[in-house]
Amino acid sequence: MKQQPPRLAKSILRRFCHVSFLEEVEGDLNEQFYERLAGSGSFNARLHYWIDVTRAVASGNDYGRTEPRSRVAIGDSMAHFFKIFFRNLKHNRSSSFINIAGLALSLMSFVAIYLYVSDELTFDSFHPNADNVYRISHSYKRHGDGVAETDARAGGLFVVELKEAMPEVEAYTRFSRFGYPGFVKNEKANIMNEEQQFFWADSTYTDIFNLPMISGNPSVILRDPQNVIISESMAKKYFGTADPIGQELIYSRTGMAFTFVVAGIMRDYPSNAHFHPDYIASNVALGPLWKRDGYDRVNDWGDAFTYSFFRLINGTDPAKAKEALTRIFRKHLPPERTDVPVLTKLTALHFTHGMLVELELPGDKRYAYIAASVGVMVLIIAAINYMNLATARSVRRSREVGLRKTFGVRRSSLIFQFIGESVMLVSISFVISLALTVMLLPFFNQLTGKAFDIYSVIDGNALLILLGVVLFVAILSGSYPAFYLSRFKPGDILKGKMITGTGAENFRKTLVVFQFSITVLLLISAAVIHNQLTFIQSGKLAAQKEQIMTVRLADVGNQDQLRQLMIQNKEVKELSFSDHLPRQSNMGFITMPFVIPSLGKEEHMWDGLRVDESFAKMFNLELIEGRNFSMALPADTSNFILNEAAVESLSLTPEQAVGLTITINVDYWDASHHVNGKVIGVVKDFPYGSVRDAITPLVLSGRYQHSETMNIRLTDDNYSEAITSLEKSWKKMYPSNPFKYWFLDQEFGRLYKQEMQLGKLADYFTGFTIVIACLGLFGLASFTAEQKTKEIGIRKVLGASIGQILVLLTNKFIGLVLISYVIAIPLALYFMNSWLENFAYKVPLHWPAFVGAGLLILLLTYITVGIESIRAAIANPVDSIRHE
Amino acid sequence: MKGTYLGEFEELVLLATGIMSDDAYGVAIRKEIETQTKRAVNIGAVHTALHRLEEKGYLKSKFGEATLVRGGKRKRIFALTPFGLKALKKAQALRSNMWSKLILQRN
Chain A
2 MKQQPPRLAK
12 SILRRFCHVS
22 FLEEVEGDLN
32 EQFYERLAGS
42 GSFNARLHYW
52 IDVTRAVASG
62 NDYGRTEPRS
72 RVAIGDSMAH
82 FFKIFFRNLK
92 HNRSSSFINI
102 AGLALSLMSF
112 VAIYLYVSDE
122 LTFDSFHPNA
132 DNVYRISHSY
142 KRHGDGVAET
152 DARAGGLFVV
162 ELKEAMPEVE
172 AYTRFSRFGY
182 PGFVKNEKAN
192 IMNEEQQFFW
202 ADSTYTDIFN
212 LPMISGNPSV
222 ILRDPQNVII
232 SESMAKKYFG
242 TADPIGQELI
252 YSRTGMAFTF
262 VVAGIMRDYP
272 SNAHFHPDYI
282 ASNVALGPLW
292 KRDGYDRVND
302 WGDAFTYSFF
312 RLINGTDPAK
322 AKEALTRIFR
332 KHLPPERTDV
342 PVLTKLTALH
352 FTHGMLVELE
362 LPGDKRYAYI
372 AASVGVMVLI
382 IAAINYMNLA
392 TARSVRRSRE
402 VGLRKTFGVR
412 RSSLIFQFIG
422 ESVMLVSISF
432 VISLALTVML
442 LPFFNQLTGK
452 AFDIYSVIDG
462 NALLILLGVV
472 LFVAILSGSY
482 PAFYLSRFKP
492 GDILKGKMIT
502 GTGAENFRKT
512 LVVFQFSITV
522 LLLISAAVIH
532 NQLTFIQSGK
542 LAAQKEQIMT
552 VRLADVGNQD
562 QLRQLMIQNK
572 EVKELSFSDH
582 LPRQSNMGFI
592 TMPFVIPSLG
602 KEEHMWDGLR
612 VDESFAKMFN
622 LELIEGRNFS
632 MALPADTSNF
642 ILNEAAVESL
652 SLTPEQAVGL
662 TITINVDYWD
672 ASHHVNGKVI
682 GVVKDFPYGS
692 VRDAITPLVL
702 SGRYQHSETM
712 NIRLTDDNYS
722 EAITSLEKSW
732 KKMYPSNPFK
742 YWFLDQEFGR
752 LYKQEMQLGK
762 LADYFTGFTI
772 VIACLGLFGL
782 ASFTAEQKTK
792 EIGIRKVLGA
802 SIGQILVLLT
812 NKFIGLVLIS
822 YVIAIPLALY
832 FMNSWLENFA
842 YKVPLHWPAF
852 VGAGLLILLL
862 TYITVGIESI
872 RAAIANPVDS
882 IRHE
Chain B
40 MKGTYLGEFE
50 ELVLLATGIM
60 SDDAYGVAIR
70 KEIETQTKRA
80 VNIGAVHTAL
90 HRLEEKGYLK
100 SKFGEATLVR
110 GGKRKRIFAL
120 TPFGLKALKK
130 AQALRSNMWS
140 KLILQRN
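Same order as they appear, the protein sequences are chains A and B. Residue 807 in my numbering is what sits at position 806 of the first sequence, and the numbering runs on without skipping anything. Residue 112 in my numbering is what sits at position 73 of the second sequence, and the numbering runs on without skipping anything.
So that you can see chain B by itself, here it is in the shape it has in the complex (with noise of 0.2 angstroms):
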């Protein structure tokens, strides 16, 4: 089931971390939603979800550069492993399967 499974939020930061490719860490993530979906997220949040993804394998990480803003810590960037895009397009082909048959219905 957790291995599978994909929560709302969670497709959320996979498809962030996915378009942001090469500069995807926390901030840069969280920033990206909230211009995405127009709400307030927590940088706890997209913590929690990121590490959770990681350890599902849909995402891998390294350590990117540290800067002066970020008190001389390195960024962690994460990528899209085959994995998580797999994953990712399993979540969508559900969702056209399903809306193909809403439209039927409604014909």
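Okay, chain A solo, but in the shape it has when bound (with noise of 0.2 angstroms):
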């Protein structure tokens, strides 16, 4: 047949007509062009055959025939990917474990570390409509120096005025914490401790904040002022398990007793407030304590004495009710006064930072972004192992592959199979770890000193979070093998052609560095952390601290009896009396105003320390000028020792210190009550508070008689015998008073919480870290010792040493694991110098942390892949040569 319809036509009909009508339709336009070739013509035919054309490609694809349907009924796929699943979960046995464990060890940190920021970043959120309320403070000029403070606290009437005020106050409250600390008795029961926290409140509390009540209705409650709400754990100490309500409780504190009734109990409050009350009784009782001559701290404007804390109507700008606060502040407080209102966000008050007399230590909202952040790239390392062992293994299920698109699997089935596959091993990661974060959960409260219980990790709203991050980890780690794996050609595949690909090594490479630069960074980092934390702790003063016990004293003037009486027990070895250690200003306020006429008028605001003349000897003070106290000398207990940064402050040298004339008020009440007193030395800095703040001028007064505490050396480590036999002592002077003592270093050890905190949480995080990146190394390693066990077996047979295969099978790794050393350094150097930066007292960043990282990293690479890897160096050739 010569004529041929138009080629050009036909290729476009082929290119464009729907591919389930191509066959008939270009066979029908065919008949027809012969047809009209016979009948009209060359021209005619061609033309038609066009036209047709035309028409079959722009109307013809709007119906696609339908295709034959899938016969395989979705049960039975799911039940064959089930079975596909737990056969391969079988088979590849190491990397199922490597896995699993890895996945599971790191969605439990990654648990952990969920409950523990988000607890940190919904402080005070479980009051009611918490994002309205806002807490009075107020900052004003230091007394003598100006040097600007903030207090927590203001006077009470401010905000009652404000609402009276302002319309958009929808509410307000006020507490005090006063008498921090003071005693509370059960008399008929006879138990008597020391209470921190006692608030006294306004009857409005529960207008303000929540308080979840056992029994009782707080707010008719606390218009009793006979009346107090315990909380459930104070219920149980005092009364065990008889019923509370109606029963007595008094509040002691110098002198003076209250007797309450409990009439209601509160459930405890969450670890993410930022107070805890124990104790709740009306504002109004405090009236007999302080309305001596016609005096009320509470109801006052100048005397900054309760918390106060208003809610606004949503919607309403609280620069408003700043505006409206600085206008009553300038209205009642006398002209010389610039006091200035400071308005903090309820749910802001636990990051907020600088003021004095806070009720509990802020946090840091760093330490929260950290942990959040180890959190998120422990997840991720386990996600690289996944993926890294699943492209690894490709060889093996190539073939499987091959074989489905052989039988016509489309590959977007092939994707839903490797995802699935994913999601299911994560998922049993995921039921793996809950239950060990639940059985971790009493260790992890006690690290980070939370309350998180099962419920917290169930909750409706974590337990969605999580399930959506293990959603998100599952597809994110089996979204590259399985788009890796299911591109594969059926026909490579099966003719037996080798899947190497550089491109997914060298993939699986990045990735490993990416993991270890994460790990090197972590460890440095923990290493870095740790010796700050034992700078920190070996800070001079802390030298032996542990063996330190502080009592907490009764009363002012009976301290040389009270040492007779102490030191006749033979557990005592050094015995001195000074104030509260450490200082700490966010107690309240530890500066007092010095002059030293003759260097002028000004006042100085500096540090004052009341001690005995043992002090300086228990804890190692070294006089640089000078000399100690004297007990022989009544004159020193109104004389002073200076340390060096007062010294320096006022541009003296220690020689031309001593001597001097320092007055002082020593009543805070009465500023007519001067005492005068020489400086009989001065002493070399010592850490007496944070070393977080650089050490400030102190003053060393030898007015021991007034000192807070009673601070005991014991003469070996059997506590529990001293301390009983010290306590029938204390008896003996102060029946009535409880025997309070604490160790020095768990109260140094309260300051630094936190890094404390962070450095056990670092430890156990790089722990984990590091066993998970090695979980990965190794499944890699035997991975690589498996594909070249031929070549293994060759190389033996030519002579080739154990030594020289190890080194073959190896390298690989270490050189990897030495880029990952190399990114990580310069990072770990910038975190850890910003973190030291928290610090004015810090260790610099030493080598051998930096060493000793890199070191560890290769000696446990080396030990990860060296398993292996001996199996296959001392394997006989024999067996695997003859493999096939």
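Hints were generated in silico from the structure; no laboratory data involved. All figures in this text were calculated on a predicted structure; none of them were measured in a lab. There may be inaccurate statements among the hints.
Beta-carbon label-pair distances, calculated as ranges [unchecked claim]:
(1) 74(B) with 55(A): 24 to 34 angstroms
(2) 106(B) with 507(A): 49 to 59 angstroms
(3) 125(B) with 77(A): 33 to 43 angstroms
(4) 106(B) with 41(A): 19 to 29 angstroms
Glycine is no exception: its CB is placed at the ideal position from the N, C-alpha and C atoms.
With the hints as a guide, bring both chains together as one complex.
Put into structure tokens, the structure is as follows:
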């Protein structure tokens, strides 16, 4: 047949006509073409062919003939999926174990970190409408040197007038923690303890704060000054299993005592509250304590006695409230007081720093973020393990893929299969990790000082977010193998063409480098954090601190008598009186005005510490000039010793400082009560407060009869015996006062609670990260060894030694780990430098931390890779070569 | 609507397919319609109608033999389904019913 239909038209038809119609349409058009060719000539036939093709292409695509439906029922295909999944799981035991262990460990870390971080970030959110609640604090210029300070509290009347002046203020309440700490006694059961969380509140307390009650209506209870609400744990402490309602409790402090009736029991506040009341009584009950001379501290303008909170109507700009408050401040404060109100959102209080007289130590937002990023990194590392192992095993799976594709399985269902497998694996790991988390919760609570229980894990919101994360991790780790494996061409695979893919190999290497960079970074950080913590604890004052026991004194002036009584105990090695250590400004005001008349009228706001003669010896203070206090010289009780910082701030040398006269106002309430004393010595600076702050000028005063505490160094480690006999001596002198003691290292430890927590968390999570990363490396190493079985056999036959083969197998990984190390060092330098910025006293970034981390990682790599490699290297070459 | 409505051209295609019985494919159906109606019919229109009718379930199809004149491509042979026959009968009944009314009015 000479004439053919126009070729271009035909190819257009083939290109654009719907494939399910193409054959019949093309055939019909062909048939017509020859008919027309025979009937009406070439031109006509060609023209009509063109027209027909155009029409077929234009309209034919609208109706796709429905493809034959899949005959496999969904149930069968799911059953098949699970069968293959479990077979693979069983077949590749080691990689399944690595995946599940790694994922479970990392998910457990993530769940724990999630709990911690969400707790930190949701402080005080359990109070109703907490986003609209603000606290009034006030900032002022310090008496004497005019340094600006902010007191967390404010005069009690400001918030009352604010409510009247501003209709947008919905509610307000005030409370104080006056008398911190005081004593609470159940006389019938003769139980008496020092209690720190005794709150005195307005009856409007529940207008602002959530107060979950077990029994009683708080707004009714708080109207009667006879009543007290106690927490569940206090009820247990004082009344055991008996019903506390209607029982009496006596609150006492410095000679004053009140009898309260327990009228309600509240649940303990959760860990994410910025204050934790154990007792709430009406602040009207404070009247007899403070209404001496007609003076009401609660309802006052000038006396910042209460913590004041108010709530604005939703949508009100807090700046408006601040303006109104500023006006009220100006109206009621004398013109010389330039105090300014400071408003802090209730939900932001936990992360608000730098205010005096806070109820509890604030948290550090950065630590929450650090924890969160560690959690994410641990997850990523485990996800990388999965990806690496899955692609490394692709040679095996590729045959399965080839066969499936040949049988007509579409790519989309292959992708579904592989992602489904990772979803399954991650889900199994998640269930394991939840069980692990719940098991380890008590331990985790101890570590973080929180109170999580199983309900915090399975509470709707948390579980939903965690499930989301699980799904994300599953899809993330499943997607690369899924797309990579499903891309294989069945022809190539079944013909036995090797699937090596340098692309995948490089991808794996990159992931390993990424993993190990994170691991090294965490390892170095943990080392630096430890160095710093050790440094904090080995401060001079802290030397042998663990053996020093501190007892809170009951009254003023009986110190000499008490000393006589106590040192009769053979357990007492040394005894010294001093004010409470460490000095903490967030607990209250510790500075006092000192005047040195020979240098002018200027008042120096310095920290004071009342100590006795033995204080210097007990805490190893180094005198650089002058002499120590002496009990033999009664005049020394009004003399002073300065620290170096004080001398420096006066621009004097220590020699010049000794002999100066200092005037001090010893009574806060009586401005005329002055005492003059001489500087008898200068002592080397020692850390008496937090090492986060630089050491400031300090005046040691010899007025030990006014000290707050007694420090006792015990002779041996038999604490319990010592405490019993010391308590006996104490009871001889103070039969009704409890013997309240603690150990100095715990007290200092509390200052660095967050750092200690961070240190411990860093330890554990670095450990987890190393384990997970090494698991992954182990998997890859065993895969490499397996792949090279024949190569190793041939090399051995040709005379290679086991050592040479080990080098061959480990080199690649060592190289990767070294690259990671190089990447991690600058990152670690940067992060650790900025962390150390928090401390006035910090360790330098020592090279041992960096080198040590590097060596440790190398060692671990050698061990991890070596185990698998040695097995491959010592195998008999005959077995491996005869393999096929 | 789509399921039950039968257009005029569709009805013709359906009838032609039924008449041809065992050799009803695109070109043959077109020829049949052209002979019966004496009007030019485009093959594309026939294809479209055939596919639409198949989708509605009035026609079923299978591949027939391939010939040289078709460039080695197979024919798709269409056949009326019982459902298609029913649709035709329904259309006829509708018409005769309306016709009977027209005659009554004239008388």
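Distance restraint evaluation - residue 106(B), residue 41(A), Cβ atoms, bounds 19 to 29 angstroms: 21 angstroms, holds
Cβ separation of residue 106(B) and residue 507(A), checked against the hinted range 49 to 59 angstroms: The hinted range 49 to 59 angstroms holds for residue 106(B) and residue 507(A), with Cβ atoms some 56 angstroms apart.
Pairwise beta carbon distance, residue 74(B) to residue 55(A), judged against the given window 24 to 34 angstroms: 26 angstroms, holds
Cβ separation of residue 125(B) and residue 77(A), checked against the hinted range 33 to 43 angstroms: Because 36 angstroms falls inside the window, the suggested range holds.
In the structure shown, no violation is registered for any of the earlier numbered hints.
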